[in-house]
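**Student:** Each chain, letter by letter, is given below.
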Amino acid sequence: MDAIILQVLNGLDKGSAYALIALGLTLIFGTLGVVNFAHGVLFALGAFCAVTLQAFFSASFSTVDESRTDFLGNPLKVEVPYVEAWFGETVGGVLIDWSVPLAILLAIPVMAVVGIVMERGLIKHFYKRPHADQILVTFGLAIVLQQIIKYFFGANPIPVPAPDAFRGSFDFGVMLGFDPFTIIYPYWRLVYFGFAAVIIGGIFAFLRFTTFGMVVRAGMADRETVGLLGINIDRRFTIMFGLAAVVAGLAGVMYAPIVAPNYDMGMNFLVLSFVVVVVGGMGSLPGAVLAGFLLGIIESFASMGAVIALIPGINQVIIYLVAIIVLLVRPRGLMGRKGVMED
Amino acid sequence: MSNFTRRRLLKTSAVAGGALALPTIFTSRAHAFTNEPTGDTVMLGFNVPQSGAYADEGADQLRAYELAVEHLNGTGADNGMLETFRYADGSRTVLTGNGILGKRVEYVTGDTQTNTDASRASARSMIEKDGAVMITGGSSSGVAVAVQALCQEAGVMFMAGLTHANDTTGKDRRANGFRHFFNSYMSGAALAPVLANAYGADRKAYYLTADYNWGYTTEQAISEATEGVGWETVNKVLTPLGQGDFSSYLTPVLGSGADTLVLVHYGGDMVNSLTNAVQFGLREAQANGKDFQIVVPLFSRLMARGAGENIKGIFGSTNWHWSLPDEASQVFTRSFGTKYGFPPSQAAHTVYCQTLLYADAVERAGSFNPCAVVEALEGDDSLPGIDSASNRGFVFDGLGNGPTLYRAADHQCFKDVLVVRGKEEPESEFDLLEVVEVTPVAQVWYEPDHPQFAGGQLGECNPGA
Chain Z
1 MDAIILQVLN
11 GLDKGSAYAL
21 IALGLTLIFG
31 TLGVVNFAHG
41 VLFALGAFCA
51 VTLQAFFSAS
61 FSTVDESRTD
71 FLGNPLKVEV
81 PYVEAWFGET
91 VGGVLIDWSV
101 PLAILLAIPV
111 MAVVGIVMER
121 GLIKHFYKRP
131 HADQILVTFG
141 LAIVLQQIIK
151 YFFGANPIPV
161 PAPDAFRGSF
171 DFGVMLGFDP
181 FTIIYPYWRL
191 VYFGFAAVII
201 GGIFAFLRFT
211 TFGMVVRAGM
221 ADRETVGLLG
231 INIDRRFTIM
241 FGLAAVVAGL
251 AGVMYAPIVA
261 PNYDMGMNFL
271 VLSFVVVVVG
281 GMGSLPGAVL
291 AGFLLGIIES
301 FASMGAVIAL
311 IPGINQVIIY
321 LVAIIVLLVR
331 PRGLMGRKGV
341 MED
Chain C
1 MSNFTRRRLL
11 KTSAVAGGAL
21 ALPTIFTSRA
31 HAFTNEPTGD
41 TVMLGFNVPQ
51 SGAYADEGAD
61 QLRAYELAVE
71 HLNGTGADNG
81 MLETFRYADG
91 SRTVLTGNGI
101 LGKRVEYVTG
111 DTQTNTDASR
121 ASARSMIEKD
131 GAVMITGGSS
141 SGVAVAVQAL
151 CQEAGVMFMA
161 GLTHANDTTG
171 KDRRANGFRH
181 FFNSYMSGAA
191 LAPVLANAYG
201 ADRKAYYLTA
211 DYNWGYTTEQ
221 AISEATEGVG
231 WETVNKVLTP
241 LGQGDFSSYL
251 TPVLGSGADT
261 LVLVHYGGDM
271 VNSLTNAVQF
281 GLREAQANGK
291 DFQIVVPLFS
301 RLMARGAGEN
311 IKGIFGSTNW
321 HWSLPDEASQ
331 VFTRSFGTKY
341 GFPPSQAAHT
351 VYCQTLLYAD
361 AVERAGSFNP
371 CAVVEALEGD
381 DSLPGIDSAS
391 NRGFVFDGLG
401 NGPTLYRAAD
411 HQCFKDVLVV
421 RGKEEPESEF
431 DLLEVVEVTP
441 VAQVWYEPDH
451 PQFAGGQLGE
461 CNPGA
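As given, the protein sequences belong to chains Z and C, one line each in that order.
If you count the first sequence from 1, position 114 lands on 114 in our numbering, and the numbers rise without skipping.
If you count the second sequence from 1, position 271 lands on 271 in our numbering, and the numbers rise without skipping.
Next comes chain Z alone, as it looks inside the complex:
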């Protein structure tokens, strides 16, 4: 029982990331009809917003401490972060410590601009082209963006710690009456799950309860009619692309303390998120969220020792197996509209 609870918890954080990325993918596919292979790299860009802000706050100048020596016997150079010199050690320390949550403030405008520039500058020219062309151009764009990240940040994972207050882990087992140390879960992953829930809730509320959202939903259902009604649907769709980029970016920012950001982290998530979209149903937002969490949890069950002992390597392929079965049995996906991908 404890192992099952543990794997469900385990699936939640990965599932949250899948759901957030898949949500953005679905928004773009549903509104613009574009299959965006550059979406994973937007997730990575978000994570690197956290890296950048941490580096910015940690930027330091060196002073020489004559009383100590370095490894070569020269006087020791001590690095002092500018923020600590300007705002005092306490405020500076807090800024550095909280750089990941603060990076959300940086990521929102950055990702919105990146998304809008991407859509206006490149993807717009591919609306009328076949899906294969769209995939090629967005995939190419993803490779270019990845290499830009690699150029500036190098090829190595860069550890970005969560704020001190959220380090460490939480003993769920004791709370539920199990022995201590049977169900342990890091605080930051709980935070991530909560954060994802808020974002997902926000997107759904935005689409359901605002006029803008209503127009977008109408556009997703029938673009032409909405255009005939005199509504500039293109502009709204551009904004939706920006919004999808922001969602992917925020998912990346908060994921940085879970796995140290690496320039190619986006690709891993991209492929899985496409599977999530397909399983959930192309164009279905609730489907994307449901499938995200479902696949996250299935994946974590498949990595249990007992399961791997039974079928070696199952944890590596389980998601694709599920996708194959869903495509065979129900090609429109779990919550896809009838007719989508079935003609």
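Don't read these hints as lab results, they were simulated from the structure.
There's no promise every hint is true.
Beta-carbon label-pair distances, calculated as ranges [unchecked claim]:
#1 Z/G313 - C/E309: 30 to 38 Å
#2 Z/P286 - C/N197: 52 to 60 Å
#3 Z/A55 - C/E427: 19 to 27 Å
#4 C/E153 - Z/P331: 48 to 56 Å
#5 Z/I324 - C/P426: 44 to 52 Å
#6 C/D202 - Z/G177: 49 to 57 Å
#7 C/D78 - Z/S62: 36 to 44 Å
#8 Z/I324 - C/S388: 53 to 61 Å
#9 C/K290 - Z/G313: 29 to 37 Å
#10 Z/I148 - C/E153: 52 to 60 Å
#11 C/P451 - Z/Q316: 28 to 36 Å
Chain C is nowhere near these chain Z residues, computed Cβ spacing over 10 Å in every case [claimed, not checked]:
#12 F71
#13 M265
#14 V271
#15 M304
Think of the CB as a built atom: it goes at the ideal place given N, C-alpha and C, for glycine as much as any other residue.
Given chain Z's structure and the hints, the job is docking chain C onto it.
**Tutor:** Just chain C now, with coordinates in the frame of chain Z:
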């Protein structure tokens, strides 16, 4: 024929051309051996990971290669370990900082991407296009074994960089290949007594192991050695290279009855798995009435830096550390530290040594011919403490590990092994590991046909031509 486009034509002809060009790599014309240097320069190929999970180690190795080239050419700020390098009889190396056999050393670099195909492609290009007469590098044993086999076929020397799997000088040993770095068996032999001493002889261990040859041999070496001191192995789980998030592999550990986790991971993987393990509370946990412990068999300072606070108090083994007090280590640390502003890693140290050892062997042989170089590196000396019929080879000193034997039987170096621990109170950002014990070579040596190394044949040296 309408879809036989220009692009397709180009592609087809490129493939065909490549296929036709392939066999010529291995057949040089009018030379005594592959890529015989005829001008006033000699070309070396430095093949290291510049991307992927081991890129940090690769970058540091490149720095050390550049430093070695400066020292060999006599263009550096100092002469580095050329000043300390000694033979068995105590005499100085024949290297004088005037290139190798009077030829100026030039080099090309390649990116192995920590991937056997990519590493072979880049080694092949260095041999074929750039005329490299020696390839060196590694940082993944999978890569080292693949490139070593390629060099054997091509008839050039392979001086292995950081590669720790038993296989490199075990079942996959080759006559043209030599390894200065220590190996999995030696880590197990050095670590087991220290672990038993620190954590007791009654421990149940759980292994998370990188899924390639280094992981397999290290897992085997550590489990056999610790079982020898009374530990029990509860479970062994393979993890893919470059996994990123190890949480799903870590969560079953606490419920498994184990009280010790052995992370057979290196580089970026180890940084991620250890960080995840700490996030999941493994270092605060209790199991079987004892404090839960984590062991990392192969440690490096670069990994310690990546893992930050998490590394403190954790045991591992290492080939070399910059804080060693001997003259050679200090000279090398000063030379590297002055040029780059930070101390060298074990990866940097081993490749620097390999470059010097190669150059020295060429000088002594009087030829770049791989067969002559192999003969010079094989030697017929013996090392005090492990003097036996099978332990004959080239003995040297003054490269930072004390007296060292390059054993002729399998082309493996034998020297003392360092057991280290993450330092609790670091004095600087580089002061991350403390040397707990220098395990003497007599405790870590083995016969060339030891079961963990069995099945390999050096074969004949191959000069190519």
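**Student:** Are the hints correct? Go through all of them and say.
**Tutor:** Okay, the hints, checked on the actual structure:
no. : hint                        : in the structure
1   : Z/G313 - C/E309: 30 to 38 Å : 34 Å, holds
2   : Z/P286 - C/N197: 52 to 60 Å : 58 Å, holds
3   : Z/A55 - C/E427: 19 to 27 Å  : 25 Å, holds
4   : C/E153 - Z/P331: 48 to 56 Å : 50 Å, holds
5   : Z/I324 - C/P426: 44 to 52 Å : 51 Å, holds
6   : C/D202 - Z/G177: 49 to 57 Å : 30 Å, violated
7   : C/D78 - Z/S62: 36 to 44 Å   : 25 Å, violated
8   : Z/I324 - C/S388: 53 to 61 Å : 59 Å, holds
9   : C/K290 - Z/G313: 29 to 37 Å : 33 Å, holds
10  : Z/I148 - C/E153: 52 to 60 Å : 38 Å, violated
11  : C/P451 - Z/Q316: 28 to 36 Å : 31 Å, holds
12  : F71                         : 5 Å, violated
13  : M265                        : 7 Å, violated
14  : V271                        : 13 Å, holds
15  : M304                        : 6 Å, violated
Checked against the numbered hints given earlier, the structure breaks hints 6, 7, 10, 12, 13 and 15 and satisfies all the rest.
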